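**Student:** The opening residue of the sequence shown carries number 1 in the working numbering; numbering runs sequentially from there.
Calculated directly from the structure, the hints in this document are not laboratory data. These numbers come from a predicted model, not from an experiment. Built from N, CA and C at the ideal position, the CB exists for glycine as well. Honestly, I wouldn't trust all of these hints.
[To be verified] With a Cα cut of at most 16 Å, we get these calculated EDC-like pairs of lysine to aspartate or glutamate:
id: 1; residue 1: K21; residue 2: D128
id: 2; residue 1: K210; residue 2: D127
id: 3; residue 1: K21; residue 2: D127
id: 4; residue 1: K332; residue 2: D127
id: 5; residue 1: K210; residue 2: D230
id: 6; residue 1: K332; residue 2: D230
id: 7; residue 1: K99; residue 2: E290
id: 8; residue 1: K210; residue 2: D284
id: 9; residue 1: K21; residue 2: D90
id: 10; residue 1: K332; residue 2: E105
id: 11; residue 1: K210; residue 2: E252
id: 12; residue 1: K210; residue 2: E245
id: 13; residue 1: K21; residue 2: D328
[To be verified] Ranges of calculated distance between the beta carbons of each label pair, as one might list FRET restraints:
id: 14; residue 1: A191; residue 2: G143; range: 43 to 53 Å
id: 15; residue 1: T193; residue 2: P277; range: 21 to 31 Å
id: 16; residue 1: Y188; residue 2: V17; range: 20 to 30 Å
id: 17; residue 1: A266; residue 2: G73; range: 19 to 29 Å
id: 18; residue 1: T7; residue 2: A250; range: 27 to 37 Å
id: 19; residue 1: G143; residue 2: R256; range: 24 to 34 Å
id: 20; residue 1: V306; residue 2: A250; range: 43 to 53 Å
id: 21; residue 1: F205; residue 2: R159; range: 45 to 55 Å
id: 22; residue 1: R47; residue 2: G149; range: 10 to 20 Å
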Amino acid sequence: MCWEMRTIEGLTLSHVVYTPKGGDPQNVLRSAALAQIHVPYDSGEPRYHDLGSLGESAIALTPADCPGGERRGPYVCVTTRARGHAHLKDGFGDEEARKSRQGQELVVLSGYQVGWYAYVAEWVFGDDGSITPRLGATGSLAGTVTTPGHGWPIGVGRRHFEESHSHNVFWRLDFDVNGANRDAVEQYDFAGTGTKRRFMVRTRFAAETKAVNRRMRWWRVLDPRALNADRHPVSWEIDNSDSAEYRGPADEAFTRADLYVTQYHACERLATQNPLPRCRDSVDRYVNGERLTDPVVWVNVDFHHVARDEDADPMPVHWQGFRVLPRDVTAKNPSP
């Protein structure tokens with residue numbers, strides 16, 4: 001795995017490879033980065049787009065910001081930490097049959113000061129192959145005063161109502177599942193709400209598309225020709241079930257989907273206010289029916305921030321993100 005601090009996106013990863021215990025290296029991502037932090041306020045204004053020169057807002061990290069890890073240059077921390085139980089299985093009296101193991105995760109992080117807010121961008125790589133991109137918002141409240149209908153009372157009495165707002169965070173993931181230009185993206189639904197039986201419905205996206213979250217819905221990126229030892233296609237599952245799902249007005253159509261799949265174009269770098277003139281300016285406009293041969297996945301995760309007294313000051317970090325899980329990358333649990 002490589003990283004660089006880009007002026008536009010900030011911390012950007014490339015050549016991400018997963019090597020299961022006792023297995024061969026598996027290519028996962030050609031590149032991955034934040035693609036926008038859209039911050040619309042509940043009263044209608046302001047409406048910020050915090051990416052565009054994020055790398056210039058990077059915070060120089062101290063040893064306290066990277067406990068037990070190593071700072072790579074002034075702005076990036078690489079560390080490991082416990083992730084809790086990897087698995088637990090009772091042996092019913094047979095100690096040799098009992099299975100229990102604690103998991104570990106590798107974390108690559110950076111911090112940014114954008115106005116009142118400080119952001120902590122983490123890429124969390126579990127020893128089970130999972131990837132959790134997440135963004136923490138901290139720093140200070142903006143001090144924006146509004147009416148009771150748009151905010152929450154902060155401080156003594158009911159004189160100061162801090163305005164509520166959303167953080168719509170986009171990530172751009174360019175998968176490379178064991179080879180470029182062969183990946184496909186599938187959507188999985190489970191029909192049968194209100195009944196005892198459910199049926200799996202698979203949709204493979206042949207052309208650029210946008211999708212919204214549904215109960216039990218998930219997606220996967222696969223290379224149909226890359227098979228595990230059981231002859232099942234190697235794939236990576238995307239779970240975006242924790243989003244508050246903000247939906248904006250017509251001029252913010254990019255908020256009206258939770259996942260976009262587009263054909264790779266180098267100039268499509270941000271989900272909104274894309275600065276490169278050869279491409280359109282937002283991810284919803286990238287989707288124009290082009291046939292998918294080298295798909296890029298854009299994931300949109302929303303957090304609605306209603307301030308509370310505990311947020312002042314400094315504001316405790318609140319996190320938002322999604323999960324990428326190995327699906328049939330190995331034929332069995334590589335770490336029993």
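**Student:** Each hint needs a verdict: does it hold in this structure or not?
**Tutor:** Outcome of the hint check:
1. For the suggested pair K21 and D128, the alpha carbons sit about 9 Å apart, so the restraint of at most 16 Å is met.
2. A distance of roughly 31 Å separates the Cα atoms of K210 and D127; the hinted pair therefore is violated under the 16 Å criterion.
3. The straight-line distance between the Cα atoms of K21 and D127 is roughly 9 Å, inside the 16 Å bound, and the hint therefore holds.
4. Proximity of K332 to D127 is assessed by CA-CA distance (about 14 Å); at most 16 Å being required, the pair is judged to hold.
5. Note on K210 and D230: the hinted pairing is violated, with a Cα-Cα distance of about 32 Å set against a maximum of 16 Å.
6. For a cut-off of 16 Å, the pair hint linking K332 to D230 stands: about 9 Å separates their Cα positions.
7. For the proposed pair K99 and E290, the alpha carbon gap of about 49 Å is over 16 Å, so the pair is violated.
8. A hinted pair counts as satisfied when its Cα atoms are at most 16 Å apart, and K210 with D284 qualifies at roughly 8 Å.
9. Taking the CA atoms of K21 and D90, the gap is about 23 Å. The hint is violated against a cut of 16 Å.
10. Straight-line distance between C-alpha atoms of K332 and E105 comes to about 20 Å, which puts the hinted pair past the 16 Å bound.
11. The straight-line distance between the Cα atoms of K210 and E252 is roughly 14 Å, inside the 16 Å bound, and the hint therefore holds.
12. For the hint pairing K210 with E245, the CA-to-CA distance comes to about 14 Å; that is within 16 Å, so the pair holds.
13. Between K21 and D328 the CA atoms are separated by roughly 15 Å; this keeps the pair inside 16 Å, and the hint holds.
14. A191 and G143 have their C-beta atoms about 48 Å apart, which keeps the hinted 43 to 53 Å range intact.
15. Between T193 and P277 the Cβ separation comes to about 46 Å, which falls outside the hinted range of 21 to 31 Å.
16. Checked against the given bound of 20 to 30 Å, the beta carbons of Y188 and V17, roughly 26 Å apart, stay inside it.
17. Restraint check, A266 to G73: a C-beta distance of roughly 25 Å satisfies the suggested window 19 to 29 Å.
18. At roughly 31 Å, the beta carbons of T7 and A250 sit within the given window of 27 to 37 Å.
19. At about 30 Å, the CB distance of G143 to R256 agrees with the hint of 24 to 34 Å.
20. Range check, V306 to A250: about 25 Å between beta-carbon atoms, so the 43 to 53 Å window is missed.
21. Between F205 and R159 the Cβ separation comes to about 52 Å, which falls inside the hinted range of 45 to 55 Å.
22. The hinted window of 10 to 20 Å between R47 and G149 holds, with their beta carbons roughly 18 Å apart.
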